[in-house]
Amino acid sequence: MNATGEIAVRKTQEQVKANLQKRHLIEKVAFGVLWLNAGAVILVLFFVIFYLLIQGGKFFVGEENLLEEAVLVESNEEVRDEVATTPYAIGYLSFGYLDGATKTIKLNGVEPTISNVESDAYPVVRTLYLLTPAKPEGEVKVLLDYIQSISGQEIVVEQGYVPLKTTEVFDSAAAVNFTGVVTVSGSTTVQPLMEKFAEIFAVEHPDLAFIIEGSESTAGIKAAGQAKIDIGMSSRDIKDHEIRRYEDMQVFPIAYDGIAIVAHPDIPLDTLSVNQVRDIFTGNITNWAEVGGPDGDIVVISRDTASGTWDGFEKWILSKNLLISKGFETGNFRLVFQNVWASVKFVWRFLVSKPLPGMGGLGGISTTITTTIYLVFWTLLIATPLGVGAAIYLVEYAGEMGGQSGEEVRAPSWWWYVVIAGAVLLFIILVVGGLLGKLGLVVGGGIIFALFAFLLIGVLYGEGVPRWWVIVILGVVVLGVGRFLPSVCMVSDVAGVVFVLAGGLHFAGLLHPMVNIVGPNVVPVVRFAVETLAGVPSIIFGLFGFALFVTAMHLQLSMISGALAGACLILPTIIRTTEEALLTVPLSYREGSLALGATKWQTNWQVVLPAALPGIVTGVILGVGRIVSETAVFYVTLGGSIHPPSSLFALGEQGRTMVLHLYSLMMDANAPDPAMGTAIVLIVTIIFINLGINYFSSRLSRRLSGKA
Amino acid sequence: MTASEIKLEVKDYSLYYGSFKALDTVNVQIPAKQVTAIIGPSGCGKSTFLRTFNRMNDLIPVVRTEGNVMMEGNNIFSMDVVDLRRRIGMVFQRPNPFPKSIYDNVAYGPRMNGLCDKARLNEIVERSLRGAVLWDEVKDDLGKSGLALSGGQQQRLCIARALAVEPDVILMDEPASALDPIATLHIEELIRTLKKDYTIVIVTHNMQQAARVSDYTAFFYTDESRTGILVEFDKTKKIFTNPEDKRTEDYITGRFG
Amino acid sequence: MKRSADIADRFVRFFLLISALLSIIIVFLIAAYTFKESELAFEEVGVFKIVFGQKWHPIPDDPAASFYGIWGMVYASVIVTLGAIILGVPFGVGCAIFLAEIAPESIHKIVRPAVELLAGIPSVVYGLVGMVWLVPLIRTLVPIPGNQGFGFLASSIVLAVMILPTIVNIAEDAIRAVPDYYREGSLALGSTKWQTIVRVVIPAARSGIVAAIILGIGRALGETMAMVMVIGNSTEFPAPLTNNPLTLFLSRGRTLTGNVVMGLNYAAGVHRSALFATGVVLFVMIMVVNSLARIVVRRWSAQG
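Protein chains in written order, with the working numbering: chain A, 140 to 847; chain B, 445 to 701; chain C, 694 to 997.
Hint data in this document are derived by calculation from the structure and do not stem from the laboratory.
Errors might be hidden in some of the hints.
[What the hints assert, rightly or not] Between beta-carbon pairs, the in silico distance windows are:
hint	chain 1	residue 1	chain 2	residue 2	range
1	C	Asp-873	A	Gly-196	57 to 65 Å
2	A	Leu-164	B	Asp-502	17 to 25 Å
3	A	Val-491	C	Val-981	28 to 36 Å
4	A	Phe-788	C	Pro-933	48 to 56 Å
5	A	Pro-663	C	Ile-779	22 to 30 Å
6	A	Leu-164	B	Ser-463	34 to 42 Å
7	A	Gly-196	C	Ile-779	27 to 35 Å
8	C	Asp-873	B	Lys-690	48 to 56 Å
9	A	Leu-164	B	Lys-583	33 to 41 Å
Beta carbons: idealized from backbone N, C-alpha and C, even for Gly.
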C-alpha cells in the first residue's frame, strides 16, 4: 500500500476508534435511562401493592367498632357511677377515679397500678396534657413549672396518676402573689389533678381563683386553641389538624394515666384478657357467662367520641396494633401473640359476617363472597360448555383437524346470487329507512336473522340432520314459544317465520347448494366474531346485558342476567384458549383413535379433550379472574343490593360481588377502611387465581415439550 | 511460521461451563491469510473453540476461561469486545439474515459504525456483495427482504454482511451444513477466493470439505469425559496423508466420528 | 345400520355447531340491541346534537328542556386516554425492553410475577388507591381554588398505572420472542448491545409492541369504574381552572363510560336511550382505533 493509502487507512482507523467511544457512551447513557425507567415503573407498581397491603393491614390490626348498644356517658365520674350502680355493667375509666365504688378488673392478670404502668407490665397508658392559648406567662407559667417539678409530680402520685420522670426543682422564690381568675376546662380525667393543684396554689395565692370545668378533651383543646380559656385539659394526644389549626397553642405534658377496666362490684371476676375486653366492647361476647362470670347480659358503658379517655381506650383496647408494638418493645410476647391472634380472628369475622347497610361500611363481606361464588358458578356453567363446544367444532370438525365433508364444491345457480343480493339490499334499505320507523328495523332485523337461519339450516343440512318437515315443525314450535313467553316473542316470531320459510325452500330442494358456499366460510366468520367480541369494551356488554336480559327478556336485575352477561363476556377467552389447547394435541392421538373404529365425537370426548384439559382449565380460570374483577357489567345486570341471593339457585335475586361492594363502600358509604380490607381479600383471590393459571399452563407446556 | 505470519495465537487455553471443562489446555497458532479448518468428532468443542476468538462465549454467564488468546500479539480479553468483533467476523451454521432488505442487511455494519454517506454505503454494499459472489444475483432488487432468498443465497448474504465491516478474520461455523450440495460448492469456492484478503477459520464436520478447502487443519478430540483437546495441528496435506497421532489417523480413516 | 354411537355423533355435531354460531349471534345481538335502544335518542334529539352537543342535562319530566350532548364526555375520554398513553407507553415499553434484554435474572424473577399480579387486580382497587391516596395528594400539592384533587390528572395517572402491566407484559413477551440468532448476528458484526436492541430486536418485535399499546389504549378507553371514582363526574364541559391552560388537567369531567354506568339503572325514555347512544359512540371510537392500529400493524409486518 502506498503512503496516501496508509494515511487513508490510519484516518479511517481513527474515525472508527472515535466512533467506537461514541457508541459505548451512547450505550451507557441509554442503559442508564432504561434502568431509571424500570426503577420508576417498579417503584410505582410495588408502591401500589405495598400501599394496599399496609392500608389493608391497618384495617385488620386497627380498631374494631364499639357495639351499637353501648351506653354513652359524658365523664369519668358518670362511668364510675353507672358501673357502680348497674348490675352486669362494665366500663373503663382513668386511674384517678379508681376507688372502691367499682370492681377493678385486672388486664391479662395485671393490676392497674402506678408501679405496673411504670414497669410496662400494664400496657394501657396515655399522656395527660395542659394546653395554653399561647406561651404561658405569669401565674399560669408558675403553675406549669410547679406541676412539672418534682414536688408537683409527688401530688400526681398522691392523686393516683403516673408521674413524669423529672428532675426539675420548683423555685418557689419566683412566686409572686398572683391575683385574678384562671379558667380551666376540658378532660374530666385531668380535672381531679387540676383541682388538687388549684387547692395547693390557693394556699400561697389566696387572691387567685380557679374556675375548673369538666367537659371532654376535644372541647378543652378547642377552647384553649381559640383562647376562650386560660388552660385546657386533655387526656389524649393532640391531633395533627388541631395543631395546624391552633398555631399558637402550647402543649404541656403533666402526667401519665392508665385506663382501667371496671365492672359492677357484684361481678366475681378478677381478671379479663385484652381480647376478652375487646370482644365484650365490640359485642362479640354478650353474656358474662361466656367469660366465666354469672349468667347475665353485659351492659357496656362507654364514652362519646369527644372524650380523650375514649380515644385512649379505642387505641389501646379496641385496636390491636399498639398492643402488638408495645409487646415487642417490652419483650412481652404473650401480648404480641394475643393480639396477632385477635387480628386473625378479626379477619375471619370480616370474612364470615354480613355487611350492614348504611354509612360507615360496618360488618363484613361474607355475602359478597358467596354472591361472587354463585355468579362465577352460573357464568361458568353457561359459558364453558358453549365455549369449549364452539372451540371443538372450530378445530376438530370444521378446521385443521377435521377436514372438509368430502362433498364437491359446486358453483351455485345464478339465481342464488340474486336472492342473497336482493335480501341484503332489502335489509339495507329497510334498516336505513327503519331508523325512521320501528317497523323497518324489525323487518330488517328479521331479514338478517333469516340469513343466519339459512346459514344454520344450510350447514345442518350438510350435516344430514333435519328433513324439510322437521324444519317446518321446528318453526311452528318456535312460533308457539313466542305466545307463551311474550318477552322473547319479537325474536321468536321472526325466527319461527324464517324456519318455516327455510323448510319450504328445503322441500323445493334449494338448500343443498348453500352448503357448499356456507360450509367453508363458517369458520372465518366465527373467528372474526370471536375476535370482535374479545375487543368489545366491557361497558358495552353491560349495555347489551341490560337491554336484552334485564329489560327485553324481563329477567330484571338478577343473578341470571348477570350470569348471562358474564358468559358473553368470557366466551371469547374460553374459545381462544380451548382452541389453542386443542391444537397442541398431536394429530396422532386422533388418528390412533379413529383407526380403532371410534366415532369422531368419541375420539374428542375420550382422547382429545382430556389431553387438552390443562389448557382448557387455564382458559376457565382466566374467565373466573375476569368475572371476579369485572364491575361495570355486573353493576348494571346484577344490581348492587346488599342483600344476597338466598341460595345458589335463587337466580332471580340481586346481589353484590366483592368488587361491587368495594365500589359501594367508597362511593355510597364513604368507608375507605373496610374498602381496603376488601381490596386485600380481592388481591389474595387474584394471587390464587394467577397461581392456578400458571400451574395449569405450565402443565400444558410440559406436556408439549417433555411428556408428549 | 514467523511472528508476522501468525494472526491468532492460543496459549494454554481452557474453557469451563460452570464446573464442566469443555476445552483443555489448547495451544495453537492460526496463520494469517490462510484457511484453517477445525475438525473432530461431534461434541468435542469445535464450535465453542471457534466462538472464543470473537468472544461470543462471553454471552453465556456460566463460562469461565483460563489462558491467553491473542490477536497480533494483543490479548483479546483486554481489547474492546465491540471492536474485536468488528475485526473478527462470524458466519453461523444456519443463515441468519436480519428481517430487513438485502441492502440494509449488508449496510447494517457500516451504518452502525457511524457511516451515513449514501454514496459510500452504496459502494461498500456493492463491494461486499461482489466479494460474496452474490452481487449479480441480487443487484436488480436490493430492496427485497433478505429472508426471501434461498438458503445458499442467505448464507452468502451473511458473508457479505460480515465483509462489509472490513474484518481481518472471518470465523465460519459449519457454514455449509444447512445448505444443499450446489450451494455448498459455491461457498467453498468463495472461501478459496476470500483467503487472499482474510484469515479464515472454519469449523466443519465434513472431512472432505476440510481437505478441499483448507491450508491448515486442527484436529480436536474428546473421550467419555466430553472435554475437548487439541490433538494435532499441521498443514492440511500432512494431516490427511501422514498424521502424527494415532487418534488423528483413526478419525481420518473413518474408524470413528 | 347406524350404530347408536354414530347417531349420537350426529347430534353432538349439531349442538357443537350451534355453540360455534353462538358467537356470531351474540355479536349480531349486541349490535342490534345497542343500535335499537339508541334509536329513540337519535330520533328525538338528532345524531348531531347528541354527538357534538356540549351540554348534558337530562330532566326526566321535561324533555324539551333536556340536553343530551356528549361531546364533553368524548373530550374527557380522549384527554384521559391520551394522558394515560403519554405517561404509560414510554415507561411501559422502556420497562419491557429492560426486562427482556438488560435485567439480571434475579430482578426479572421478582418483577415479572409482580407485574402479572398487578395486571389482574380489579380496576376498582386502582380507583380506591386513587381516591384515598392520589386525589388528596393532588389537592394539597396544587392549591389552586377549584382543584379538589379529582379530575383528569388523577384519572390519567390511575389509568396509566392500570395499563402499565398490560403493556409491559405483552411487549416483553414480544421482545423475548425475537430469536436469539438475530442478536448473535448483530453482535458478531461488532455492534454494541444497545445498537442490537435498537436496530434489530425492537424492529423485529414491532408488531407485538404495537399490539401491546393498542391493548392498552383499548383498556383505557373502555375503563369505567375507576374513572367514575377519580374523575369527578362533573357534567360541565371541561375547561382549565385558571388562565393557565395546563390546569385543564385539574378540572373534572366525565368519561363516556362513566356516563353510561351512572345513569343506566334508573334512567328512562329518551335519557336511557341517550345512554345507549353514548355506548354506540364509544363503540365506534374503539372500532376506529382498533382498525387503524390493525392497518398499521399489517403494513409494518409486511415490510419486515
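Check each numbered hint against the structure and report the violated ones by number, ascending. Numbers 1, 3, 5, 8, in rising order.
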